[in-house]
Amino acid sequence: MVIAVAGELIEVGVMFAAVALAGAIARGLRQSVIPFYIVSGILLNPFVAGELTEAVLGQEFAVGLSAEATHFIELGAELGIVFLLFFLGLEFNLDRLLASRDRIGTVGLIDLVINFGVGFVLGFLLFGDVLAAFIIAGMVYISSSAIITKSLIDLGWIANEESSPLLGTLVFEDLFIAVYLAVLSALVAGAGDVTEAAFSVGLGLGFILVLLILVYAGTALFTALIETESNEFIALRVTGVTVLVAGAALTLGVSEAVAAFFIGMAFSGTGRAEKLENLLEPVRDIFAAVFFFWIGLVTDPMLFAGVLGIIATAVVVTTPTKLLSGFWSGKVYDLDDRRSTRVALGMVTRGEFTLIIASTVLVVRDRGGAITAATANEINAFAVGYVLVMSILGTVLMQYSAVFETRLTAWRNGE
Amino acid sequence: MDVSETDLPGVGKRFELDIGGGETAVIVVHNTGRREVFVRPESGADAEEVLDLTDRQARIVGSILEGAYFQPVATDTSSVTLGDNVMLEWYTLGEDAPIVGKSIEEADVRRETGATIAAIERGGDVIQSPDPDWVFEADDQLIVVGTRQHHEQFAAEAT
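If you're matching them up, the sequences are chains A and B in order.
Count along the first sequence starting at 1, add 5, and that's the number in my numbering.
Count along the second sequence starting at 1, add 233, and that's the number in my numbering.
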């Protein structure tokens, strides 16, 4: 046993060390950690580290993670998705959304129509396929809650009015993405057969319905579950329920991410969301880092060459769309030009959810679904490249927003 | 005094309080327990961070501000609102205060002003419910309970 796992343990150790180092570098450069986690995965993947060492040292000495370690990382990445979405559900507050539904609804729809709409057209033009268009639309629509929220706090914008439309839009996007993932996983699993597609959509919606009932009727049950003073038991029980339900969902062919989202919502109903967040935050952060590493690990950077044009087109098209919808959203909240500019720049960042959509596509590729392996690989490479660009671009735009604010104000005043 | 409260989904809550002179105090309470205190110098300006505190630090700072660590009793302004209109207020008797030299019985503060002397602090000792023959001296600190009207009367006639 000890000997058998020694090799894998050190490989997993290498992964965690690489991710930790990537995080330190990102912090030093005042950048988001996500692109750096991904790059650490790319550098250690068989297409890069493997090929390089094989070329230099010969096949026997080729460096690469073993199949077992890779399997562990893939499972860890899956847990990362589950915990990311669980937290989204935990922090999601339907009452809060309903309380300010007029403004959040308005900015959410502006954001959705412009970005999802343009994304869909762009996807169809690039891939000539409705399903691919639907996937690209989701990928370019969804901004990164994690990076944007972090930047808001780091820059102190959280104390200003611009944080309201930014966070409001993110709440809307979070809700939309839960529904979107449910539909997407059903669509891509359909394998082109209408009956089968209808069945999997029906199954997916049925499962969500059961979870929704659980969210609204099961509060007493969930409260009883975490009715203990022991932090250890609370963490274990919540993890137990969440991963079990997510696993059950995936077994049924339903999106595990959506299941985790609803379980998170159910736990937020117990009124102890903050406690759970504090307890499970490190767990989420560790597995989320594994998820980003894994995305890098399974991406062949040579594929970037093939999708470079698509990435460039998407960056050029979908940066202005977010700027437009963001600026408009600022105006809906009665903000001045300067603050609306910040909302615009803030929404540009794409990150974790774009990659979660990509991972859904990869799952389907491995199972054999409605998308060919070649298209799936292409879309995945696109998503990774796109997120690498947009996460860094978005963070930098926010950091240098003063430049844009001055320019725009001067221009609007006719100077 | 108006305190406005804004939800910050995924972060926590933001409280804003007008502190006069056009300035606004902005306090962001993170779900993690972290508290950030900002001051917005004028309406429409960016808030500037003043304090970044952990949960524990914030509680200590909070209780200092609240007066639990040190109560500036000698000032005119220190008062605690007990109920709808009833306030607890501290008074320091000056040399020329009308009641100095009188006993509690002679001063008959409650009948004269409506206010009640709950306790007296002299030389660091607090005397609760002093006897009727207690004689007031300069520098006595009186802890007085009453409505705003009673306090006004007390301040005018007794101190």
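Please note that a few of the clues may not be correct.
[What the hints assert, rightly or not] Calculated cross-link-like contacts (lysine-lysine; reagent style DSBU-like; alpha-carbon spacing at most 30 Å):
no. : chain 1 : residue 1 : chain 2 : residue 2
1   : B       : 335       : A       : 155
2   : A       : 336       : B       : 246
3   : A       : 280       : A       : 155
4   : A       : 336       : A       : 155
5   : A       : 280       : B       : 246
Keep in mind the hints are simulated off the structure, nothing from the lab.
Which earlier hints turn out false for this structure, listed by number in ascending order? 1
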